[in-house]
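2 protein chains.
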Amino acid sequence: MRTTFEEQLNSLHLRFSEMGMMASEAIMKSVKAYVDHDKSLANEVISNDHYINKREMDLEKESFEMIALQQPVTSDLRMIVTVLKASSDLERMGDHAASIAQETIRVKGETRSPEIEKLIAEMGDKGTSIVEDALEAYLKRDSKMAEEVARRDMDIHIESNKINELSIKAMQEDGEYVLSGSSYMLVASYLERVGDYATNICEWVVYLNTGHVVELDGKHITSDEDMDEN
Amino acid sequence: MRTTFEEQLNSLHLRFSEMGMMASEAIMKSVKAYVDHDKSLANEVISNDHYINKREMDLEKESFEMIALQQPVTSDLRMIVTVLKASSDLERMGDHAASIAQETIRVKGETRSPEIEKLIAEMGDKGTSIVEDALEAYLKRDSKMAEEVARRDMDIHIESNKINELSIKAMQEDGEYVLSGSSYMLVASYLERVGDYATNICEWVVYLNTGHVVELDGKHITSDEDMDEN
Numbered sequence: 001m002r003t004t005f006e007e008q009l010n011s012l013h014l015r016f017s018e019m020g021m022m023a024s025e026a027i028m029k030s031v032k033a034y035v036d037h038d039k040s041l042a043n044e045v046i047s048n049d050h051y052i053n054k055r056e057m058d059l060e061k062e063s064f065e066m067i068a069l070q071q072p073v074t075s076d077l078r079m080i081v082t083v084l085k086a087s088s089d090l091e092r093m094g095d096h097a098a099s100i101a102q103e104t105i106r107v108k109g110e111t112r113s114p115e116i117e118k119l120i121a122e123m124g125d126k127g128t129s130i131v132e133d134a135l136e137a138y139l140k141r142d143s144k145m146a147e148e149v150a151r152r153d154m155d156i157h158i159e160s161n162k163i164n165e166l167s168i169k170a171m172q173e174d175g176e177y178v179l180s181g182s183s184y185m186l187v188a189s190y191l192e193r194v195g196d197y198a199t200n201i202c203e204w205v206v207y208l209n210t211g212h213v214v215e216l217d218g219k220h221i222t223s224d225e226d227m228d229e230n
Numbered sequence: 001m002r003t004t005f006e007e008q009l010n011s012l013h014l015r016f017s018e019m020g021m022m023a024s025e026a027i028m029k030s031v032k033a034y035v036d037h038d039k040s041l042a043n044e045v046i047s048n049d050h051y052i053n054k055r056e057m058d059l060e061k062e063s064f065e066m067i068a069l070q071q072p073v074t075s076d077l078r079m080i081v082t083v084l085k086a087s088s089d090l091e092r093m094g095d096h097a098a099s100i101a102q103e104t105i106r107v108k109g110e111t112r113s114p115e116i117e118k119l120i121a122e123m124g125d126k127g128t129s130i131v132e133d134a135l136e137a138y139l140k141r142d143s144k145m146a147e148e149v150a151r152r153d154m155d156i157h158i159e160s161n162k163i164n165e166l167s168i169k170a171m172q173e174d175g176e177y178v179l180s181g182s183s184y185m186l187v188a189s190y191l192e193r194v195g196d197y198a199t200n201i202c203e204w205v206v207y208l209n210t211g212h213v214v215e216l217d218g219k220h221i222t223s224d225e226d227m228d229e230n
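Sequence lines, in order, name chains A and B.
With the first letter of the first sequence counted as 1, position 130 gets the number 130 in full-length UniProt numbering; the numbers rise by one all the way through.
With the first letter of the second sequence counted as 1, position 15 gets the number 15 in full-length UniProt numbering; the numbers rise by one all the way through.
Since the hints were derived computationally from the structure, they do not count as laboratory data.
Mixed in with the good hints, there may be bad ones.
All copies of an identical chain are treated as equivalent in the list; a pair is satisfied when it fits inside any one copy or across any two copies.
[To be verified] Below, simulated BS3-like cross-link-like pairs (lysine-lysine); rule was C-alpha separation at most 27 Å, straight line: (1) Lys144 x Lys54; (2) Lys169 x Lys61; (3) Lys144 x Lys61; (4) Lys108 x Lys140; (5) Lys108 x Lys162; (6) Lys162 x Lys39.
Construct the entire structure; sequences and hints are all you get.
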């Protein structure tokens, strides 16, 4: 009976990681589609998003059944709760990838700025690598790595500010850039959220190891014990 | 012992609803700050966001302890899992309210379009009312109401498209509108997400009642039994 539960837990763990890879691949592809103006790749991302949503549903169901039937405690329960919560972050990454893919289709054929698209490609690389490393920290249960990865989220915010500034400048100088420029700003805001969700995954890694819910937002680290509420 | 558990469950339920009201108030205030160009109200929203984050942490902790110590099954467990998952949606609403508040500060003093800001105010009202009604459906455990509320999310998307079109037009016609116009588009995208999160809450209401995970996205309703994955 115990072995079965451990097998189930292991499978849950792997299926969650797999979902993470699906999300990270979706982001990577959506940014590639966007900067390559590749409508067919964008459509692929959009139509594959339901696999990510479906996986979240499956993980919810499996987690629920494991809790109900096996009544796990402490670290086992903590792992299941982590999968339950963190799968929302992965699902939202998938949503944002789909939104970026939708932007690809919306701005296809408009005047573009290669300079800003280069920055978006870089931001996409950074975003994808933060997601991948957050997942690696999860697999290794490495809190230190998780904290380091979360700190890199700051770079994403800096990149986003740069894209916003350049987009605004381009749009102000030439109305031809309004459609693409406003799209760049939206895409940058989506990638910023992706970084935030990756940070959440990092927070879950710390929780898995310590049982403490922490906030790692690149600027400061607070724990549930540092804060007081009415 | 049993009574104590029921009291705990009831308290969890109420504290979740309270968190929903905090999120809905944050959205309402952030949009008000934005359209009234009210920097001090915007700062209030930003500095209050940590109460929403803190509440999510508390609910996680309480849910975890209730599962570990009381080992609930079926509908009680379902309720706790709902709070665990849906509190993420509320937390993200709070984040988006804070982002709207930040936009208030960023575009303060720039050339504005009263016409588009009127639409944003309307979109904010619709968003807030969807959130409130989703919470009411949750409190009443009313699946039918939840499905109706989720359908209203379509109006939010329509409103967002209108704001995007007008913003692009204004920016193309006059470079003076680039800063505000791009901000309008971001704010509309944040409010769109708020609608998505409210839809998620509606999905949780259906789950609470039926045990089935469904997708209510305004266009179609699918359940976990309709979909097949490899």
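Each hint, compared with the structure:
Taking CA atoms no more than 27 Å apart as the test, Lys144 paired with Lys54 passes between copies only; the shortest distance there is 23 Å, against 31 Å inside one copy. In this homomeric assembly, Lys169 and Lys61 never come within 27 Å of each other (Cα to Cα): the closest approach is 49 Å inside a single copy and 46 Å across copies. In this assembly of identical chains, the alpha carbons of Lys144 and Lys61 lie at most 27 Å apart only when taken from different copies (22 Å versus 31 Å within one copy). For a Cα distance limit of 27 Å, the shortest separation of Lys108 from Lys140 qualifies neither inside one copy, at 41 Å, nor across copies, at 46 Å.
With identical chains, the CA atoms of Lys108 and Lys162 are at most 27 Å apart both within one copy (23 Å) and between copies (20 Å). Proximity of Lys162 to Lys39 under the C-alpha cut-off of 27 Å is found in both arrangements, the shortest distances being 26 Å within a copy and 24 Å between copies.
Violated hints, listed in ascending order, are 2, 4; each of the other numbered hints is respected by the structure.
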